[in-house]
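In our numbering, the protein residues as written are 1 to 132.
If you are wondering where the hints come from, they were derived from the structure by calculation, not from laboratory data.
This one's a predicted model, so the numbers in the text were calculated from it and none came from an experiment.
All residues carry an ideal CB built from backbone N, CA and C; glycine is no exception.
Watch out, some of these pointers could steer you wrong.
Straight-line distance between alpha carbons at most 30 Å, and here's what the computed BS3-like set of lysine-lysine pairs gives [stated by the list, open to error]: (1) K73 - K102; (2) K47 - K57; (3) K73 - K57; (4) K5 - K50; (5) K102 - K47; (6) K73 - K47.
FRET-style restraints, in silico, Cβ to Cβ [claimed, not checked]: (7) A117 - V12: 21 to 31 Å; (8) A98 - K50: 11 to 21 Å; (9) G18 - C90: 27 to 37 Å; (10) A98 - L24: 56 to 66 Å; (11) G66 - A99: 30 to 40 Å; (12) G76 - I20: 45 to 55 Å; (13) C90 - V28: 18 to 28 Å; (14) A103 - D61: 42 to 52 Å.
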Amino acid sequence: MTTWKAHVATGVLTLAAGSIALALWWGVERERSPRLGRVDIAQIVAKQQKSLVERVKPGIDAQEQGRIFEDAKAFGNRLDAALEQASRECGCALMNSAALLKAAHAAIPDLTDRVEALASSPAPATPATSGR
Numbered sequence: 001m002t003t004w005k006a007h008v009a010t011g012v013l014t015l016a017a018g019s020i021a022l023a024l025w026w027g028v029e030r031e032r033s034p035r036l037g038r039v040d041i042a043q044i045v046a047k048q049q050k051s052l053v054e055r056v057k058p059g060i061d062a063q064e065q066g067r068i069f070e071d072a073k074a075f076g077n078r079l080d081a082a083l084e085q086a087s088r089e090c091g092c093a094l095m096n097s098a099a100l101l102k103a104a105h106a107a108i109p110d111l112t113d114r115v116e117a118l119a120s121s122p123a124p125a126t127p128a129t130s131g132r
């Protein structure tokens, strides 16, 4: 083999070995580094509170008060399930946005809209609740 061919072959092999080493390091490092998402729980709860307060009127009967209470309780359950599902979808731990200080440059994705969408949609029927 001529000298220039040997240099090209060495360069190609070096690049290949470096690429493989980088890919292996990236795979291991990605698994070790914590993955986080942030959710503004206060914003989600405030919107729900506002909608419930709008339903409260002077002279409201006990039955309607009970429905409002049950709706609030159901929302809490849906919010918990939405947080769990969003965490599974992103493969990350979720943090309340209020707990973050100066996180503007941390590149932690904001999943508030996703959690809010999941919590506002009705829960799917399960065999226990659908009467089967």
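Going through the hints against the structure:
no., hint, in the structure
1, K73 - K102, "violated (33 Å)"
2, K47 - K57, "holds (18 Å)"
3, K73 - K57, "holds (19 Å)"
4, K5 - K50, "violated (74 Å)"
5, K102 - K47, "holds (25 Å)"
6, K73 - K47, "holds (15 Å)"
7, A117 - V12: 21 to 31 Å, "violated (49 Å)"
8, A98 - K50: 11 to 21 Å, "holds (18 Å)"
9, G18 - C90: 27 to 37 Å, "holds (31 Å)"
10, A98 - L24: 56 to 66 Å, "violated (38 Å)"
11, G66 - A99: 30 to 40 Å, "holds (34 Å)"
12, G76 - I20: 45 to 55 Å, "holds (50 Å)"
13, C90 - V28: 18 to 28 Å, "holds (20 Å)"
14, A103 - D61: 42 to 52 Å, "holds (46 Å)"
Of the hints listed earlier, those the structure fails to meet are numbers 1, 4, 7 and 10, in rising order.
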